[in-house]
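As you go down the protein sequences, you meet chains A and B in turn.
Be aware that the first sequence starts at 549, since it is given in this note's numbering, and climbs by one per residue.
Be aware that the second sequence starts at 4, since it is given in this note's numbering, and climbs by one per residue.
It should be emphasised that the hints constitute simulated quantities derived from the structure, not laboratory data.
No experiment lies behind these values; they were computed from the predicted model shown.
Glycine included, each C-beta is placed from N, C-alpha and C at the ideal position.
Careful: at least some of the hints might be erroneous.
[To be verified] Below, in silico cross-link-like pairs of lysine-lysine (DSBU-like), each with a Cα-Cα straight-line distance of 35 Å or less:
| id | chain 1 | residue 1 | chain 2 | residue 2 |
| --- | --- | --- | --- | --- |
| 1 | B | LYS206 | A | LYS710 |
| 2 | A | LYS710 | B | LYS164 |
| 3 | A | LYS729 | B | LYS61 |
| 4 | B | LYS61 | A | LYS617 |
| 5 | B | LYS206 | A | LYS617 |
[Claimed, not checked] Away from chain B, derived, C-beta distances all over 10 Å, residues of chain A:
| id | residue |
| --- | --- |
| 6 | ALA598 |
| 7 | ARG611 |
| 8 | GLN612 |
| 9 | SER620 |
| 10 | LEU625 |
| 11 | ARG628 |
| 12 | GLU641 |
| 13 | SER665 |
| 14 | LYS729 |
| 15 | SER773 |
| 16 | SER780 |
| 17 | SER798 |
| 18 | SER803 |
| 19 | MET825 |
| 20 | LYS826 |
| 21 | TYR834 |
Residue-level listing of the chains:
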Amino acid sequence: MNYTCKNCGGNFNVPEGVTVVTCPYCGFTVNIGIGRLDVEHYFYPAIYDAQRAYERLKYILSRQFGVPKDFSLQLNLVNRVLHYIPLYVFYVEGKAHGSGIDVLEVDYLALPAFKISPIPIPQEYMFPVRGKVYFKPQIIRDAVFYSPTISRDELENIAKSKLYLRFSRELDLSGRSIEAKIDSRCDGLVHYPIWEFKYSYRDYSFNGFVDAVNGEVLYGQYIVSTFHRTFSFSLGIGLIFAGGFVGLISGLIFSMPILGFIGGLIPSFAGAIPLFMKSAYKVQTYSLNVFGKSKRDESLSKELLDVMKFIGKIGI
Amino acid sequence: MSSNVAIEFKCKNCGGKLDVTPETLVAICSYCGTPNWFVESSEEIMIVPSVSRDEILKSFLTRVSEDFDLKRIADKIQIVEVAGFYIPFYFFSIKVEGFYEGWKTERVVESRGRSVQTRTRRRKVSERFSSILKVPILGRRSAEDFSLNELASHYKYSNPKAVPISDFKNFRDLKMTFLRSEIGVDEASMIARDDAGDIMRSKISSKVDELTKFVCSTKILEKSPIILLPYWYVIYSYGDSIYRVAYAGWDKHMLLAQEPVMIYHRLQYFAGVLSGCLISAFGFTSLFSWGVDPIFSILGLIAGCIVSWFFGKKLVSDVRIEGVKL
Numbered sequence: 549m550n551y552t553c554k555n556c557g558g559n560f561n562v563p564e565g566v567t568v569v570t571c572p573y574c575g576f577t578v579n580i581g582i583g584r585l586d587v588e589h590y591f592y593p594a595i596y597d598a599q600r601a602y603e604r605l606k607y608i609l610s611r612q613f614g615v616p617k618d619f620s621l622q623l624n625l626v627n628r629v630l631h632y633i634p635l636y637v638f639y640v641e642g643k644a645h646g647s648g649i650d651v652l653e654v655d656y657l658a659l660p661a662f663k664i665s666p667i668p669i670p671q672e673y674m675f676p677v678r679g680k681v682y683f684k685p686q687i688i689r690d691a692v693f694y695s696p697t698i699s700r701d702e703l704e705n706i707a708k709s710k711l712y713l714r715f716s717r718e719l720d721l722s723g724r725s726i727e728a729k730i731d732s733r734c735d736g737l738v739h740y741p742i743w744e745f746k747y748s749y750r751d752y753s754f755n756g757f758v759d760a761v762n763g764e765v766l767y768g769q770y771i772v773s774t775f776h777r778t779f780s781f782s783l784g785i786g787l788i789f790a791g792g793f794v795g796l797i798s799g800l801i802f803s804m805p806i807l808g809f810i811g812g813l814i815p816s817f818a819g820a821i822p823l824f825m826k827s828a829y830k831v832q833t834y835s836l837n838v839f840g841k842s843k844r845d846e847s848l849s850k851e852l853l854d855v856m857k858f859i860g861k862i863g864i
Numbered sequence: 004m005s006s007n008v009a010i011e012f013k014c015k016n017c018g019g020k021l022d023v024t025p026e027t028l029v030a031i032c033s034y035c036g037t038p039n040w041f042v043e044s045s046e047e048i049m050i051v052p053s054v055s056r057d058e059i060l061k062s063f064l065t066r067v068s069e070d071f072d073l074k075r076i077a078d079k080i081q082i083v084e085v086a087g088f089y090i091p092f093y094f095f096s097i098k099v100e101g102f103y104e105g106w107k108t109e110r111v112v113e114s115r116g117r118s119v120q121t122r123t124r125r126r127k128v129s130e131r132f133s134s135i136l137k138v139p140i141l142g143r144r145s146a147e148d149f150s151l152n153e154l155a156s157h158y159k160y161s162n163p164k165a166v167p168i169s170d171f172k173n174f175r176d177l178k179m180t181f182l183r184s185e186i187g188v189d190e191a192s193m194i195a196r197d198d199a200g201d202i203m204r205s206k207i208s209s210k211v212d213e214l215t216k217f218v219c220s221t222k223i224l225e226k227s228p229i230i231l232l233p234y235w236y237v238i239y240s241y242g243d244s245i246y247r248v249a250y251a252g253w254d255k256h257m258l259l260a261q262e263p264v265m266i267y268h269r270l271q272y273f274a275g276v277l278s279g280c281l282i283s284a285f286g287f288t289s290l291f292s293w294g295v296d297p298i299f300s301i302l303g304l305i306a307g308c309i310v311s312w313f314f315g316k317k318l319v320s321d322v323r324i325e326g327v328k329l
């Protein structure tokens, strides 16, 4: 579709289905659907081209547990698509102020403007930090370009509700005696590039997604070799026997072999579950573990402490 | 920032055309090499000088030759990429004051004659608090890369000298990307006050078993200008895969490292699963032999399950994360 900018008269091509356009000559952003001036509109260029992004995907998949040795060598790229997905960026602020009390909860949120996303974006995925640019027609050449399918207002409400849960919990703790409100502001529309790859290994075909700005692999499928599946299954079974045996021996010390056996057996099941999961399915999926603020601290001692505190609370 | 790209950006020295994006903080003229800063005059920006790319690489190679795990595979490690960025941060000193109420669960051992009994008792606690926190705020929206949290905490810990950007000269040799701050100082202050309250609440939550009231006020004592911190990462390959190591640019301190999982790590994790079984079995059987409170044996069982589950997950994991805790 050909479009003439209302601001400078510049002429440029707009992909089918695009509702928000930014003039490549003067930067004037307009919503063609409604006609009113919309928010600032940026693009992230695909810093990782198809080849580098695909290499990243292969690298990540070939380090997964149980992948056949020749996996990355025998992998065939069938198809690749660069998706440009729309994200709205919001600043949301929940604020309550009273005598000596501040309840504050603020956040920046980048939310995909989709009802159903065509791309498996991990929950809480933080979109990375490098290099947004103004619209240039060459950026989206050969790419699939998506227009928002969910209105900005609807998304703004979602952004507010995401903050509301945390804000409300803090308000409860402060006694709720003060007036509170949540404000929000839309800071712009960003189009963000993500690579989709369809690839095959022997008779299997898979798909995978790579963030085209920082090369992070978001999602990918791979297979676990028959040897590794059998091995994992046997190891899992072995673990259960070993757990039972360890329990039995330690039970014998207190001359209570049966109880010791049970005590050793139960955790061995817990430990063997990940092994059984690896052996249960031939085709497995990798999805990115988000290094969020809270997830970073995951450690054995912390997990133990949390469970103990929880048990303390329910008061056995 | 204006969204007008019709204005051509030109070098202030030679008038050559500059390639400018909304991200541009400094554009180095490709004709004469003059740095052109795109900074509003009201903005004060400080910068922490970085070591060179070669020094980061040298530091990584030293680690490869010395690290217990990496030196075994040193001949199979290849460098894929070394990249450096200047990342904008604000640092705030914030006074947090208030009080809290909550419940604490205690176990009391009572002895009546020969029999020993343990009893749980809930006790109400309340306390006032006042504390000064130094809170780092990343000057970017919705953005958190691998180990930027560690970068900020290492900055607080090591406190390197920062210089005004106007005094900074050698960025041409560094070949690093300078990232612009997207967050103004007012919004950054709000985020910092929010974070300060959250940090305090989580500190206090760990003191009590149930927090019923938490009231606090936050006040900014001191705000820093934007500080650009140098951040580097090295991507290396081993076998068919790649791993990432992140560094602080001012002192080559390693922030976080991804490393391959070797067979002997998996053996350790296997032993870890069995140690969970052992903990559980001991806990469970001690119930009858020592006549202790049944809760301890159940706790032992649960603790054993968590330990086993934790190591079971590691047993099939694809990468290890190593970091230096501050």
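A quick look at each hint next to the structure:
no.	hint	result
1	LYS206(B) / LYS710(A)	holds, 23 Å
2	LYS710(A) / LYS164(B)	violated, 39 Å
3	LYS729(A) / LYS61(B)	violated, 53 Å
4	LYS61(B) / LYS617(A)	holds, 32 Å
5	LYS206(B) / LYS617(A)	violated, 47 Å
6	ALA598	holds, 17 Å
7	ARG611	violated, 3 Å
8	GLN612	violated, 5 Å
9	SER620	violated, 5 Å
10	LEU625	holds, 16 Å
11	ARG628	holds, 20 Å
12	GLU641	violated, 6 Å
13	SER665	holds, 16 Å
14	LYS729	holds, 14 Å
15	SER773	holds, 14 Å
16	SER780	violated, 7 Å
17	SER798	violated, 4 Å
18	SER803	violated, 8 Å
19	MET825	violated, 8 Å
20	LYS826	violated, 5 Å
21	TYR834	violated, 8 Å
Hints 2, 3, 5, 7, 8, 9, 12, 16, 17, 18, 19, 20 and 21 from the list above are not met by this structure, while the remaining hints are.
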